[in-house]
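Enquirer: Sequence:
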Amino acid sequence: MDLDTLVSVARRILQEEGVAALSMRRVAKEVGATPMALYHHVRDKDELLMLTLAGTADSVPRPELPDDPRDRMLAVAVHMHGTLARMPWVVEVLSLGDLTDKGALWMVEEIIDCCLARGLTPARAVAAYRTIWHCVYGDLVFRQSMARRAEEPDRVRHFPDMLTDADAGELPHMTALAGRWLELTAAYDMSVQLGAVIDGLLGAGERG
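Take 1 as the starting number for the sequence shown in the numbering used here and just add one per residue.
Any given hint could turn out to be false.
[Claimed, not checked] As a list, the in silico EDC-like pairs of lysine to aspartate or glutamate whose alpha-carbon atoms are at most 16 Å apart:
#1 K45 / D113
#2 K29 / D58
#3 K102 / D46
#4 K45 / E92
#5 K102 / E64
#6 K102 / D161
[Unchecked claim] So the derived label-pair ranges between C-beta atoms look like this:
#7 P35 / V192: 14 to 24 Å
#8 A20 / A176: 40 to 50 Å
#9 H173 / R143: 17 to 27 Å
Since the hints were derived computationally from the structure, they do not count as laboratory data. Since the model is a prediction, treat every value here as computed from it, not as a measurement. Positions of the beta carbon are idealized from the N, C-alpha and C atoms, including for glycine.
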């Protein structure tokens, strides 16, 4: 048993079954060792998770980035979204809060640099990054949840089917759009929406 084997087994469990399935006991069983033996290689589960994340960002080539700060910021955000969309297990690990792949931090650096170049204060630059990350992360989590629900047999779709003409008085716009809701949401373009968010963040920062 060596560290590379432990990391490989942990990553496979994460990819196939998710964070909830990963434990030191489970990994030990997979490699034919005792849980205590794993602690000769890793301090705890968090360190093992960090090791599984290491190198994931570098496995995707970095895009060519434009010079304009606003456009560069958008390109980085779109790259971040696209990279994580291909690695659902990474999104789940990142949901734990303070775990990350150091190789991915160039994206954070770029976004903050773009904000500073457009005149935002360091505090506003960090806040802008966090807003972009929340948009990216939230969209990915929602997409994953919807994909899992779509696989459930005999699942009844509640929204927007729950809306009827009787709701028009209280919810006139949503009732009118109910018949087109799926069509409109299917046409949702994350890059366009990220651009709108970035324009708002830069504009608000420059004004205040």
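Enquirer: Please go over all the hints and tell whether each is borne out by the structure.
Expert: Verification of the supplied hints:
1. K45 / D113: violated (33 Å)
2. K29 / D58: With Cα atoms ~30 Å apart, K29 and D58 exceed 16 Å; violated.
3. K102 / D46: Within the cut-off at roughly 14 Å; holds.
4. K45 / E92: holds (15 Å)
5. K102 / E64: violated (20 Å)
6. K102 / D161: This hinted pair is violated, its Cα atoms lying about 44 Å apart.
7. P35 / V192: 14 to 24 Å: With a Cβ separation near 48 Å, P35 and V192 fall outside 14 to 24 Å, so the hint is violated.
8. A20 / A176: 40 to 50 Å: The hint (40 to 50 Å, Cβ to Cβ) holds, given that A20 and A176 are roughly 41 Å apart.
9. H173 / R143: 17 to 27 Å: holds (24 Å)
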